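Undergrad: For this one, chain G is given, so just place chain E on it according to the hints.
Protein chains in written order, with the numbering used here: chain G, 158 to 341; chain E, 9 to 439.
Do not take every clue at face value.
Capping the alpha-carbon separation at 25 Å, the derived lysine to any residue pairs in SDA-like fashion look like this [said to hold, decoys possible]:
id, chain 1, residue 1, chain 2, residue 2
1, G, Lys313, E, Gln18
2, G, Lys313, E, Pro428
3, G, Lys186, E, Pro428
4, G, Lys186, E, Gln17
5, G, Lys313, E, Leu15
6, G, Lys186, E, Ala21
7, G, Lys313, E, Ala21
8, G, Lys186, E, Ser226
9, G, Lys186, G, Pro308
10, G, Lys186, E, Arg32
11, G, Lys186, G, Leu309
12, G, Lys186, E, Ala20
13, G, Lys186, E, Tyr231
14, G, Lys313, E, Arg26
15, G, Lys313, E, Glu16
What the simulated footprint calls covered on chain G by chain E, stretch by stretch (three residues with Cβ under 8 Å from a Cβ of chain E suffice, anywhere in the stretch; the number is not a length) [what the hints assert, rightly or not]:
id, segment
16, 172–181
17, 189–198
18, 201–207
19, 215–221
If you are wondering where the hints come from, they were derived from the structure by calculation, not from laboratory data.
Since the structure is predicted, the reported quantities are computational estimates derived from the model, not experimental observations.
Glycine is no exception: its CB is placed at the ideal position from the N, C-alpha and C atoms.
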Amino acid sequence: MEMQTELVERAMRGNHEAFAELANGAWAKLYGTAGLILGEHGAAQEAAQAALIRAWRDLPTLRRPASFDAWLYRLVINACRDEARRRARVREIHFEGQEPVATADPFAWLAERDELDRAFTRLTPDQRAILALVYYRGLTVPEAARVIGAPLGTAKSRLHRALEALRAALAAEGRPGIEQESGA
Amino acid sequence: MSGPDDLEQQLAAYLTSRAPTPPRGALEALLRQTAGQPQRRRGRAFAAAGWRGLGAVAAAAALIAVVAFGSGLVPSSFAPGAGVTPTPTLSPTTIVLPVPIREKAIAAEAETIFADRLRALGIGTFTASIGNDLQFSFVLPPTVPAADVAAVLHTAGHLEWLAWPAGLPVPDVGHPVPAGIPVLFDQSRVLAATLASPPNQAPPALVVQLQLDATAASALADYTSAHIGGPEVLALDGTVLAAPIIESPSSGGDVTISWAPANASLSPAALVAILRSGPLPAGWITPCSGAGCPSLAPTPAGSASPSPTPVASATVACGGLAAEDCPAAAQAALAAVAGQAMTPTRVELGSGVFCPTPDFDGRPIPNTSCPSTVVAPPSGATWIGHAVVSFATSSDQAYIDLAKDPSGIKAVLVAIGPPPPTPLPASSTGP
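In isolation and in its complexed conformation, chain E is listed as follows:
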């Protein structure tokens, strides 16, 4: 018989030898990521106007940050010297993209195209997943150009050369193309799309070089010969991508596109990635593809979509709270997390309060005051219970204490963190 000591000794040696070693460079990459992230400050925040105000400011900032697709993209042969490389920015680790359709085949095809586009951006390892909530979650390496990733995930990728009618004004870059404009050819005629850095260009810039097939080359040569002085209009997803004036006939089927300084939302690399992968399937609905798309903004890891769900859509469980207090308590709890940039999905109300102890673990104590009285209710109010708010794409929960005074119910955000420890699911992956 083998005694426990024998097994325990074997076990210690076994675990030490079997514990995996982290991949080289993983920690360094992680530390580069955390170096750019703010820390959460300790303290309690009172709900009501303060959080609403913060939410409004955040929403306004998000809207201001939105940049229209395609602005300022001009073929270099007609705009010599114009061009900058968008500055890559630190990317979040997770980008959430709603899956707008329920047909599995279409979603699978879109998934493959997204994979091709991310590879074309040089992102070698990433994970895409489809959960029950019908969304792709792209977990990306810490340092990727976030704008490029957002662009390739939100562009259908239909590039068209248009036969622009004489005399019809061309919309500004980024604006919709009127209906009924004949198409000379589309991206299916592009044989190759490559990034290039023209020599002797100051400042250094990247351009996109396209090689057209013979049919498209011939069509473009014929069109440009017949329309000297007119516009050569390229449209991406139905909006004007570029509209240079034709100065000379095109020949050979080679087209070079460079970037005007104003363009910062669709980089040369993103356009190449889009063209190499081909367009998204016809049934795919790009969630938002133009100006005013706050949902396009990548979100930090563990965060939900930046488009907050209306307060009324969260489900509410009244629990042990008095029924008459339930609606107002739920509203106060949701207001308390309005500035968190996460979408609340559920509010669970109950008796007892959370006490901000050193190792706060998200468990309410059954009476309505903390033993050490480290947290006092708002002036003139008394504690009536607590709320736990769950979010759409984060396992974190908000732990909130609820107080009541003659004017109504007030919520005090105690902490946001993981749920209290519970047994691990038995069905998870084993070694």
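With the rest of the complex left out, here is chain G:
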């Protein structure tokens, strides 16, 4: 942790190599989190890139280097929100050009459509965000609350509702052994 704090401090002073090292360590998880929330490769890339660009630009304004991780994940959650909102209101045209399109679609798993996939898809982006932070990123609920900028009680409630919604969706899929519960 001390090493990361030192890197953050160097990056805050404009050392791009230090920032690159921080970005390398965080990139896969940032991208994965954005992908789970937004569910689409292009959107995930936009959000993850926007978060890192903002991170580099705004690093000198970070007051506590130790809070870098939470701050970075807040940036990616905000970027996901912006991207989701933008895609909801903008008619978007994707052009495929001369560059070869990658054959290995990182989102090919979306086509598998098993029960959990379908259930997770039914959640709101808000619910996917809290689940991704806690069960993918491994944050505690208080840490996740700090990232999403919500009081602890709100985060707990959101997590509970997300799990309930997931459970209900699984029950609706007729998944054996899953019943809708009334409590956590």
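TA: Chain E in isolation, oriented as in the chain G frame:
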């Protein structure tokens, strides 16, 4: 029944297996981009003359940076040895282009042509979007020649060979062609436009080779035979692109164009891209196509048009601020962001102030001073409230504290950043 622990365990494994992997090279490209970008410095900035001064300096710099289209473009056969390849510069990731018309069919056709031009520049993947605010937003890869992109997005693409009247002076390159000059043929007669690098040329340079159809080749042969010593004038969008002196008759329908060193705004690659796609539809109005077009300059990601909207055009919500303070407070807030190169669209005023806490999240506290007194009002002034300024093409907002003294209202820019977290929209794309 499956208990919560079971589901949570399944969920952790599921999310880990389902989280997408970033594409190879994406981070490296991103880091190359950020390496060239400045960081925002911490600190507060007082509004008033300082920001206005910065805005004026930025505007002057933008105007100085504007380069006229088409200057110095000369056919190589008449200017041997002249030619440089414009140096590609790092591009921003987003270029905003106003859609100047409301006819959907025309906008769609223009969109297709822009796509063709960007492909011709070798830009394989990009996104164009039309929002409710009638503008294209082109999100481009980090490393593209920004000048080329700007050129292809702002050139209608009407290339004409003119039958220049004997004795009529030819305007300088880049200047408008007088009305009434007969046209020999136009770009519709160009069968192929290719980039080439002539051997044994020092310094190495790219040229554009055009292949004309038989009709144009014949017309050009006839014209050049009859006008030895006269100008062969090519016009692009009504301005002189090149006007070499005819030394010998043209034959075969092949034309080579090379670049004079002074030309840095329209590269050979950009001209080829424009010619390959054909001109923009007749109903399309190129927002600005000549010298003095600051709006042509690409803008950084998340930034608005570099042509700032007049202060008066932003809407103002007075909120909890005293009504008599509202106009002056709004003006002070807008002055505080005048140096941000973003177009303010809305000013929301209210009571309470923003405190620059370590994890500043854009929420004002209800009283008029920060609990830890980390921010003090300007000398002799007292805090009266806050302002939040929204911008045209960025979700960022400016968070400003407002103070009042006998001379008026002063604005203190606390931060520019994303809005406070709010629930995600339920209608967004799902996996």
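Undergrad: State for each hint whether it applies.
TA: Results of checking the hints against the structure:
no. : hint                : result
1   : G:Lys313 - E:Gln18  : holds (19 Å)
2   : G:Lys313 - E:Pro428 : holds (19 Å)
3   : G:Lys186 - E:Pro428 : holds (23 Å)
4   : G:Lys186 - E:Gln17  : holds (19 Å)
5   : G:Lys313 - E:Leu15  : holds (17 Å)
6   : G:Lys186 - E:Ala21  : holds (15 Å)
7   : G:Lys313 - E:Ala21  : holds (21 Å)
8   : G:Lys186 - E:Ser226 : violated (64 Å)
9   : G:Lys186 - G:Pro308 : holds (24 Å)
10  : G:Lys186 - E:Arg32  : holds (14 Å)
11  : G:Lys186 - G:Leu309 : holds (23 Å)
12  : G:Lys186 - E:Ala20  : holds (14 Å)
13  : G:Lys186 - E:Tyr231 : violated (66 Å)
14  : G:Lys313 - E:Arg26  : holds (24 Å)
15  : G:Lys313 - E:Glu16  : holds (14 Å)
16  : 172–181             : holds (count 5)
17  : 189–198             : holds (count 9)
18  : 201–207             : holds (count 6)
19  : 215–221             : holds (count 7)
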